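Residue numbers (my numbering), protein chains in the order written: chain Y, 8 to 113; chain X, 66 to 231.
It is worth saying that the hints were derived from the structure and are not from the lab.
Because the structure is a prediction, the values reported are computed rather than measured.
Do not take every clue at face value.
[What the hints assert, rightly or not] Partner residues are not named here, just some residues of chain Y that face chain X (Cβ under 7 Å, in silico): (1) 43; (2) 45; (3) 103.
Quick reminder that beta carbons are idealized off the backbone N, C-alpha and C, glycines included.
So you can see what is in the structure, the chains are spelled out below.
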Amino acid sequence: MVGSTPLGGFLLVAALLFSIGLAGALTRRNAILVLIGIELMLNAANLNLIAFWRYGPHPELLTGMMFAIFSIAVAAAEAAVGLGLVISIYRHAHTTDLDAMNRMKG
Amino acid sequence: MSFVFWMFAVLTVAGALAAVLLKNTVHCALALTVAFAGLALLFLDLDAQFAGFAQILVYIGAVAILVVFAILLTRGSETPKDGVFSKNWFVGLVIAAGVFAVFAWAVLASVGVLPHEAATPEVSVAQIGQVLIGRYVLPLEIVALLLTAALIGAVIVAMDEKERAR
Numbered sequence: 008m009v010g011s012t013p014l015g016g017f018l019l020v021a022a023l024l025f026s027i028g029l030a031g032a033l034t035r036r037n038a039i040l041v042l043i044g045i046e047l048m049l050n051a052a053n054l055n056l057i058a059f060w061r062y063g064p065h066p067e068l069l070t071g072m073m074f075a076i077f078s079i080a081v082a083a084a085e086a087a088v089g090l091g092l093v094i095s096i097y098r099h100a101h102t103t104d105l106d107a108m109n110r111m112k113g
Numbered sequence: 066m067s068f069v070f071w072m073f074a075v076l077t078v079a080g081a082l083a084a085v086l087l088k089n090t091v092h093c094a095l096a097l098t099v100a101f102a103g104l105a106l107l108f109l110d111l112d113a114q115f116a117g118f119a120q121i122l123v124y125i126g127a128v129a130i131l132v133v134f135a136i137l138l139t140r141g142s143e144t145p146k147d148g149v150f151s152k153n154w155f156v157g158l159v160i161a162a163g164v165f166a167v168f169a170w171a172v173l174a175s176v177g178v179l180p181h182e183a184a185t186p187e188v189s190v191a192q193i194g195q196v197l198i199g200r201y202v203l204p205l206e207i208v209a210l211l212l213t214a215a216l217i218g219a220v221i222v223a224m225d226e227k228e229r230a231r
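Required output: the full structure, derived from the provided sequences and hints.
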């Protein structure tokens, strides 16, 4: 199914996705949007892992595929804890604006 | 260059850009779902069926719903008066552009040595399951423990403090 798409195409798309996620995480004020940016960065890394697995010398060993699957599972745990923290902070400070949150003490 | 790949790539990047740029937070979450779906299609295009469907189940089925719940619980859908971008957004944009420039330079400089054609790997889901409970059984158990601990931790962190004190 891959046909004539070179590996570089996938790597460029992953680099673009990572940069978009980084820009979102660095520029948005809302903490949830920062988490969305981090999710995009993790997904870009997963795309790289799968692309290198597909074009690598031994795809039947499933190394890159397993790495991506475990990475998806860890990202799900990260999202759950991150959003729980955002809800907890919102209950304390009544805002999700990161510019208004400049201390760690509640 | 295959047309299907470019279609999926444009869909994914457009979804990601919308998720980062839109003003309404709920719209951002929906655009994020589009980006996740585009990534799942890219995984399927790479013959990684299991990872593609895991992406749909975990990200579109769980993470996107979780994000929407968090937005609705925190009244984050209201657009703030002083804009959605932080005070020093320009610095963040410059850093992201610099990172992309480095990545693109690295990929384009090594395009000659990257492998071009690869035979379609004969991988069935049964094989993936066997590898998961064979060679990768310890990481699998650790991930199971991590997910349990993380979900219990998330519930405890998000729990109402007055409820906890009682």
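Query raised in the report: Which of the stated hints cannot be reconciled with the structure, identified by number in ascending sequence?
Result: Hint 2 alone not satisfied by this model.
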